[in-house]
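Counting in this note's numbering, the sequence shown runs from 30 upward without gaps.
Hints listed in this document are in silico derivations from the structure and should not be mistaken for laboratory results.
No experiment lies behind these values; they were computed from the predicted model shown.
Glycine included, every Cβ here is placed at the ideal spot set by N, Cα and C.
Among the hints, erroneous ones may be present.
[Unchecked claim] The following label-pair restraints were derived from C-beta to C-beta distances: (1) 152 to 86: 20 to 26 Å; (2) 85 to 135: 18 to 24 Å; (3) 125 to 93: 15 to 21 Å; (4) 74 to 54: 21 to 27 Å.
[Claimed, not checked] Heads up, simulated DSS-like pairs for lysine-lysine below, C-alpha to C-alpha not over 25 Å straight-line: (5) 94 to 112; (6) 112 to 74; (7) 94 to 140; (8) 171 to 140; (9) 109 to 145; (10) 146 to 112; (11) 146 to 32; (12) 32 to 105; (13) 109 to 154; (14) 145 to 94; (15) 94 to 44; (16) 154 to 112; (17) 145 to 171; (18) 32 to 53; (19) 145 to 105; (20) 74 to 44; (21) 74 to 145; (22) 154 to 171; (23) 74 to 32; (24) 94 to 47; (25) 109 to 74; (26) 105 to 140; (27) 154 to 105; (28) 171 to 94; (29) 74 to 146; (30) 32 to 109; (31) 32 to 47; (32) 146 to 94; (33) 146 to 171; (34) 74 to 171.
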Amino acid sequence: SGKVYALTPNEMLSKMAKAADAAKALPGAGYANVVPISTSINDIKVPEPVDIVWTSLNYHDMHNKQYAMDVNEVNKAIFKSLKPGGYYVIIDHKAADSTGDDVTETLHRIKESTVKKEVEAAGFKLVAEGHDLDYASDDGTKRVFGPDSVLEEVLPDGTHFYYSAGRLSKVTQPSKSDITYSYAFDA
Numbered sequence: 030s031g032k033v034y035a036l037t038p039n040e041m042l043s044k045m046a047k048a049a050d051a052a053k054a055l056p057g058a059g060y061a062n063v064v065p066i067s068t069s070i071n072d073i074k075v076p077e078p079v080d081i082v083w084t085s086l087n088y089h090d091m092h093n094k095q096y097a098m099d100v101n102e103v104n105k106a107i108f109k110s111l112k113p114g115g116y117y118v119i120i121d122h123k124a125a126d127s128t129g130d131d132v133t134e135t136l137h138r139i140k141e142s143t144v145k146k147e148v149e150a151a152g153f154k155l156v157a158e159g160h161d162l163d164y165a166s167d168d169g170t171k172r173v174f175g176p177d178s179v180l181e182e183v184l185p186d187g188t189h190f191y192y193s194a195g196r197l198s199k200v201t202q203p204s205k206s207d208i209t210y211s212y213a214f215d216a
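Using the sequences and the accompanying hints, generate a full structural model.
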């Protein structure tokens, strides 16, 4: 019964036209509570304060040169968009502490410490961390998109599916080389 704002940043409309079109189609596809919106990523504005802002597997992209985003301004705008006590949930690919700070474009990862520092600088307080998708075999130094990178699902019958590079595939010998972490920050 709640409302969901599906944000496609203005800066991404031309690069992600299919995603923007898909978001626009949701209300007519049985998701009447979804409201597609576009706004500048550096000045996010929603029609009303929201309970939660959720970003999944793309926080690291805000550091990529091609998007020319000011991460600090984005986080401040997200903070302003939340109701008091609202949550900012971030799920992303973890880079090893030993990697440089510039691996967001090459490895499609970001260090946990970077995310925490940036988000807390905008006024958020860390209230929870989840590591349910951690894989001990992933050392955080390999490129996320590649034959060895996965988000894996194992069905009760033993069938393995993985999501990698934008595709869902069935595999017979899955690898476990992606650490994904999540945080909930309180406004």
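These are the hints, each one checked on the structure:
Range check, residue 152 to residue 86: about 24 Å between beta-carbon atoms, so the 20 to 26 Å window is met. Distance hint check: the CB atoms of residue 85 and residue 135 are about 21 Å apart, consistent with the given range 18 to 24 Å. A hinted range of 15 to 21 Å holds for the C-beta pair residue 125 and residue 93, which are about 19 Å apart. Residue 74 and residue 54 have their C-beta atoms about 23 Å apart, which keeps the hinted 21 to 27 Å range intact.
Under the criterion of a C-alpha separation no larger than 25 Å, the hint pairing residue 94 with residue 112 is inconsistent with the structure, at around 31 Å. Restraint check for residue 112 and residue 74: satisfied, since their Cα atoms lie roughly 13 Å apart, inside the 25 Å limit. This hinted pair checks out: residue 94 and residue 140 have alpha carbons roughly 17 Å apart, not beyond 25 Å. With a C-alpha separation of about 13 Å, the suggested pair residue 171 and residue 140 falls inside the 25 Å cut-off, and the hint holds.
A distance of roughly 18 Å separates the Cα atoms of residue 109 and residue 145; the hinted pair therefore holds under the 25 Å criterion. Among the hinted pairs, residue 146 with residue 112 is consistent with the structure: their alpha-carbon atoms are about 22 Å apart, no more than 25 Å. In summary, the hint linking residue 146 to residue 32 is not supported, as the alpha carbons are separated by about 30 Å, beyond the 25 Å threshold. For the proposed pair residue 32 and residue 105, the alpha carbon gap of about 22 Å is at most 25 Å, so the pair holds.
Restraint check for residue 109 and residue 154: the C-alpha separation of about 14 Å stays at or below 25 Å, so the hint holds. Simply put, residue 145 and residue 94 have alpha-carbon atoms about 21 Å apart, close enough for the 25 Å limit, and the pair holds. Between residue 94 and residue 44 the CA atoms are separated by roughly 14 Å; this keeps the pair inside 25 Å, and the hint holds. Taking the CA atoms of residue 154 and residue 112, the gap is about 14 Å. The hint holds against a cut of 25 Å.
With a CA separation close to 22 Å, the supplied pair residue 145 and residue 171 stays within the 25 Å bound. With a C-alpha separation of about 14 Å, the suggested pair residue 32 and residue 53 falls inside the 25 Å cut-off, and the hint holds. A threshold of 25 Å between alpha carbons decides the hint, and for residue 145 with residue 105 the separation of about 14 Å falls inside it, so the pair holds. Taking the CA atoms of residue 74 and residue 44, the gap is near 21 Å; set against the 25 Å cutoff, the hint holds.
Taken as a hint, the residue 74 and residue 145 pair is honoured in the structure, with Cα atoms around 23 Å apart against an allowance of 25 Å. Distance check on the hinted pair: residue 154 and residue 171 sit about 30 Å apart at the alpha-carbon level, beyond 25 Å; violated. At most 25 Å may separate the alpha-carbon atoms for a hinted pair to count; residue 74 and residue 32 meet this at roughly 15 Å. With a CA separation close to 22 Å, the supplied pair residue 94 and residue 47 stays within the 25 Å bound.
Between residue 109 and residue 74, the direct Cα distance comes to roughly 9 Å. Compliance with the 25 Å bound is thereby established for this hinted pair. About 20 Å separates the Cα atoms of residue 105 and residue 140, which keeps this hinted pair within 25 Å; it holds. Between residue 154 and residue 105 the CA atoms are separated by roughly 13 Å; this keeps the pair inside 25 Å, and the hint holds. With a CA separation close to 20 Å, the supplied pair residue 171 and residue 94 stays within the 25 Å bound.
At most 25 Å may separate the alpha-carbon atoms for a hinted pair to count; residue 74 and residue 146 meet this at roughly 23 Å. This hinted pair checks out: residue 32 and residue 109 have alpha carbons roughly 18 Å apart, not beyond 25 Å. Distance hint between residue 32 and residue 47 is fulfilled; the C-alpha atoms sit about 22 Å from each other, no more than 25 Å. Between the alpha carbons of residue 146 and residue 94 the distance comes to roughly 20 Å, so the proposed pair stays at or under 25 Å and holds.
At roughly 23 Å between alpha-carbon atoms, residue 146 and residue 171 fall within 25 Å of each other, so this suggested pair holds. Using a Cα cut-off of 25 Å, the hinted pair residue 74 and residue 171 is violated, with the two alpha carbons roughly 35 Å apart.
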